[in-house]
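Colleague: One-letter residues, chain by chain:
2 protein chains.
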Amino acid sequence: MTRTTLLSVAVIGVMGLGLAGLAAGPVRADEGMWTFDSLPTAKIKADYGLDLDAKWLDRVRLSAVRLQGCSAAFVSPNGLILTNNHCIQGCTSALSSGGKTDYVKNGFRSVLREDELKCPGATAEVLLTITDVSEKVRTATAGLNGQAFVKARDGAMSASETEICGNKAGLRCQTISFYRGGQYKVYQFQRYTDVRLVFAPEFDIAFFGGDPDNFNFPRFDLDAAFLRAYQDGKPVQTKSYLPWSVQAPKAGDPTFVVGNPGSTERLLTVSQLETQRDLTIPVSQLQRSEYRGRLIEMARASPEARRIAGDALFGVENGFKVFYGRQLTLNDRAFMEAKRQEEADLKARVAADPALAAKIGDPWAEIAKAQRVIAENYLPFRQLETEAGGGSRLYGWARTLVRSAQQRAKPPEARSADYSDSRLAQTERALMAPNPVELDIEVLRLEHWLLKTREYLTVDHPGTRSLLGKESPEGLAASLVKTSSLADPAVRKALWDGGLEAVSASDDPMVQFVIATEGQGKALREMWETEVSGPVDRAAERIAQARFAVYGSSVYPDATFSLRLSYGKVAGWTYGGRTIDAFTTLGGTFDRATGSAPFALPQSWLDARSRLKSETVFNFVTTNDIIGGNSGSPVIDARGQVIGTAFDGNIHSLGGAYGYDGRLNRTVVVSTAAITEALRTVYGLEALARELTGK
Amino acid sequence: MTRTTLLSVAVIGVMGLGLAGLAAGPVRADEGMWTFDSLPTAKIKADYGLDLDAKWLDRVRLSAVRLQGCSAAFVSPNGLILTNNHCIQGCTSALSSGGKTDYVKNGFRSVLREDELKCPGATAEVLLTITDVSEKVRTATAGLNGQAFVKARDGAMSASETEICGNKAGLRCQTISFYRGGQYKVYQFQRYTDVRLVFAPEFDIAFFGGDPDNFNFPRFDLDAAFLRAYQDGKPVQTKSYLPWSVQAPKAGDPTFVVGNPGSTERLLTVSQLETQRDLTIPVSQLQRSEYRGRLIEMARASPEARRIAGDALFGVENGFKVFYGRQLTLNDRAFMEAKRQEEADLKARVAADPALAAKIGDPWAEIAKAQRVIAENYLPFRQLETEAGGGSRLYGWARTLVRSAQQRAKPPEARSADYSDSRLAQTERALMAPNPVELDIEVLRLEHWLLKTREYLTVDHPGTRSLLGKESPEGLAASLVKTSSLADPAVRKALWDGGLEAVSASDDPMVQFVIATEGQGKALREMWETEVSGPVDRAAERIAQARFAVYGSSVYPDATFSLRLSYGKVAGWTYGGRTIDAFTTLGGTFDRATGSAPFALPQSWLDARSRLKSETVFNFVTTNDIIGGNSGSPVIDARGQVIGTAFDGNIHSLGGAYGYDGRLNRTVVVSTAAITEALRTVYGLEALARELTGK
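These protein sequence lines map, in sequence, to chains A and B.
Counting with our numbering, you get residues 723 to 1417 for the letters of the first sequence.
Counting with our numbering, you get residues 723 to 1417 for the letters of the second sequence.
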């Protein structure tokens, strides 16, 4: 392995990786989620006239914080962290106990350090080094396939992590694969496990506009929150942090977003995109929409029903909009045509290089062939395996117990990769977590799943018959939920500990139901792995290798929930004849408020209305290339100051899963200007404002 | 005009219309909904070895009966009519008053003629003559466009109808346009207005399998019913009727279906199909699915809620499946490729004929241009105009009152075509019909519409702002329904009679809401007529003319809810690796029953189980080309005997809206064999069985 410091790699950027003779990558303006060891500094200089030197880059990298599923940044020398409010909702929820201490609804304000509350289980990670271990992995896996390949690869990765992080407390290593196996890098993090809540606004202003405004702009959300990293009971003294700007940017100003985009699928082939467009997204959206309607109606029954169904509804509506945006992009003929051109271009370049062609073969044809298998088998696979149980926790626990018991009864070398000892340890922990179960939602999920299975597969499909027999979906769902004891963690623990013997002998109706029916799903999964995901994964690796061979690091890898930098500028956009301005103001929030959810403002804002500087920039949009996972990412100006925190993308940015479109994709940001004004004028948190601004 | 008798035309068939030199039409085996003055008798002879002579055809035509929205046939010399149970549900519903006399739920059995109950408002029509008036219409409309064209055309049609039908009682004339204005024919009918209910089975056996089995096969439905036509208080003595077969057919037997398919869109261009595939069907399906979920959940509240929501749900689920089937076909790459080929072929043939090319121009390009206007404007047009009100009756009445009042305030020549005096008379009748209003459903429909408008157009669209202002969708829907008096027909009558003055002065909140908001929908409709439907209709006519010029009557016209004959054979099909057999048996019904809706059998069937001949063919499938409107069509064997009544199509037949696929499209039929067995063994209706069989 070659251990390289980030300093030297950052300076090398695109130039030093032997790219002479490589094709110019097909990367458009402002596009890309760039790794810190391969930044397009030359392009940024050319497009924006900015020299991002090593000092700038190191400070930004060491200020960036990775939370669980989100991004953040240090914004003071005392370990203060800026992120989104929705990123810390797990924390505020866990700390709440209803009534006055409903920190989700009412927000949270601390005045003294002592008031700051530890978020249970929260971690914050800072990227220290990146080490290339690609050769090590390639050597260990040479000539291997299937499960043998997977185990050798995992072993080599594990060994590298141990070598780099050792057993040092506070360090964490993670091996990340880039370019679908084109590269393997060990990321070494500083890891803080004492992360405390400092400030959260009320839900009604953090998510003002709710689902109607979600993924849209103009927007009026104070989706910001503050945490603080502690070590040994004291705030971490952070040498690297982002200085705070009280000014909002102007249209056209360059902006940098540093965070952890979760995943993108920009290397999907045209045939794969067509499968999503024509089959997998439409089916899930139709079923999701019906489920959504059921939740909406269920919520009307009582305040308690509204609370329970409302929680579930939030996720369903957000998911609906994500896939709506993706579908919009996949239906865009110009977008698909551009993808066809890209694909044709890469294929032509491979064909023009006989050695490369011999190595790559025709992975596009292999993937297209797999799409035909998908077309024939997707509905049963979805209904009987991937969506089995419809999200019911009781079903999920039962299936985990049954399948884990079956696997644990085998010697470790005979098990599937998902059932290694380390994976089983994680599975057991998740199984025992005391997650409360809402019975009405459980019945709804099972019933909906059974109804849709019968509808989409038809009554006569063996899968339907196997699930229902002479039962009705309504009757079966209700009786399984009513009679199962799996909601009790002690019951689950006993079944886990008792292994296959206990599970097989269990008279729990849900366990029995799963035992009787999960086999068909398992058979479909095995077929799928053999005929679809196996061949597709291997073909996709060769496409990634072809792309890497042709374009090198001039193309960035798909997102991997690890640190990336994206560059762009503040700008609105035009679509369907309407031009959207890049900015909103605090004053505009009151114009939009109606007094009814989700356009009802918290009392604190209504009280502060006359004192707020109404022309303060509230939210703004930029051309930065981001995706889910970037929530909470600091938005940084050319001077390296933080000017906002990214909290959403517009509807077009959802197509960013497949490809970046600079005309339309936008990052949505809440400005530090508005956060400052709110802290001072709405919440009276002078000390916090002073810690940020130095005044 | 040329008045031609059907005798001579039927014999002429394809041969005599001067088709020498025309291209062989692109019509596949068993395809087509053929008019009686242009039957492909030569092809039928070639494919099936059958000579359909004038006697056969006349008897079949004069036995065929058109009901409102359905098809049927005379099956005895005493005016007995066979149709589907679902075709007479309006009648059984209107005659019921709950409890024992719920004829929908419990069915209806008459023993003597005196027991037969008149269906309110039901009519039965028999096709007597077809007269070609194409030249007359062309002369009257020469050189005219837009509204002037429409009025001249309607005038010429009206004059022809008066000439042919005069004022003779019992006759009705209707001018039908074929090939999108390629031909105009006056159809003259014998019209019966005293139609009485003779027999209907219970809902649970007529629609056994409910939504899960709807549009699917295997199927086990007794979707059959009997009516009787009366004149002057006595059963009509029908000289032409179809002899009844107690035998079921065998696989491969030729079958003929005679009925009134409602409408097809087989001349849509590829660009139009893409618009449906990518935009209009998906949007409606997503919104429909959410609405469906709300109804399902609403139905759980109480038995009364189940009844009310259940009625609405039936239509929604049927509609969902229709569009699901259409989407399936539009997503079929082979289907779309065949359409592209057809289109390319027709364009090439037009281009090869300079005179024709000069006349036709490039309607495909004009239609493609209109698709781009659709893409930009569809969502607002849908939400603010075509779907305005979401199906709420109160909203619909208000909008009818407002717009009719506006139009009636203008002199007749200045009104839109929809507001001619004769149209207004129909409108007024419909407005005054005492349709009961279910308030919960009204609120749901309005609320759903407002929520989806806000979601799909966004909060910032002027249309959304105009509808909602500071109201919430939930609040506005509830208050409009609660405070409007339009459910009272007397209130509606007063507003109609009071004209524009009364309407403008009305303080009914729904009327005020419509006055305040319908203008934007109206503006969109005008834009749509100018830039979309106007140009598309004119271009479509030229495509139809091109097609007619190239292929003549060797291609059949799109369905027009007028009498057609289709030919085929009894056959199952194979799809996705599964082969479906062509037949089900009475015995199979009991295997499928579960005791829970929709697989619960009526008591009469459970009681008769041991006495029924279980191997009797119950339902079967054929390759006949049918579409909605053909429900109730007699299925006729080579000898001219009726062997069943068509009541459904399989899921693939829904793509028949766009094109026939003989590998997959199937008609679903309930056999006369099963009907006979049921009448005798389940219902003990010997007299009725004897009237049919003669024994």
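What the hints contain is simulated information worked out from the structure, not anything from laboratory work.
Do not take every clue at face value.
Copies of the same chain look alike in the list, so a pair counts if it fits in one copy or across any two.
[Unchecked claim] For lysine-lysine, the following DSS-like pairs were computed, each having C-alpha atoms within a straight-line distance of at most 25 Å:
| id | residue 1 | residue 2 |
| --- | --- | --- |
| 1 | Lys1091 | Lys1061 |
| 2 | Lys956 | Lys972 |
| 3 | Lys890 | Lys956 |
| 4 | Lys858 | Lys1215 |
| 5 | Lys1043 | Lys1192 |
| 6 | Lys1417 | Lys767 |
| 7 | Lys1192 | Lys1335 |
| 8 | Lys767 | Lys827 |
| 9 | Lys1192 | Lys827 |
| 10 | Lys1417 | Lys1132 |
Colleague: If a hint holds in the structure, say so; if it does not, say that too.
Modeller: Hint check results:
1. Lys1091 / Lys1061: Both: 19 Å inside a chain and 24 Å across chains, each within 25 Å.
2. Lys956 / Lys972: neither (38 Å within a copy, 87 Å between copies)
3. Lys890 / Lys956: This pair counts as within: shortest intra-copy Cα distance 20 Å, inter-copy 101 Å.
4. Lys858 / Lys1215: Classified as neither: same-chain Cα gap 40 Å, cross-chain 86 Å, threshold 25 Å.
5. Lys1043 / Lys1192: Between copies, since 24 Å is at most 25 Å while 37 Å is not.
6. Lys1417 / Lys767: neither (33 Å within a copy, 97 Å between copies)
7. Lys1192 / Lys1335: Classified as between; 24 Å across copies, 66 Å inside a copy.
8. Lys767 / Lys827: neither (45 Å within a copy, 77 Å between copies)
9. Lys1192 / Lys827: Answer is between; shortest inter-copy Cα gap is 23 Å, intra-copy 46 Å.
10. Lys1417 / Lys1132: neither (64 Å within a copy, 71 Å between copies)
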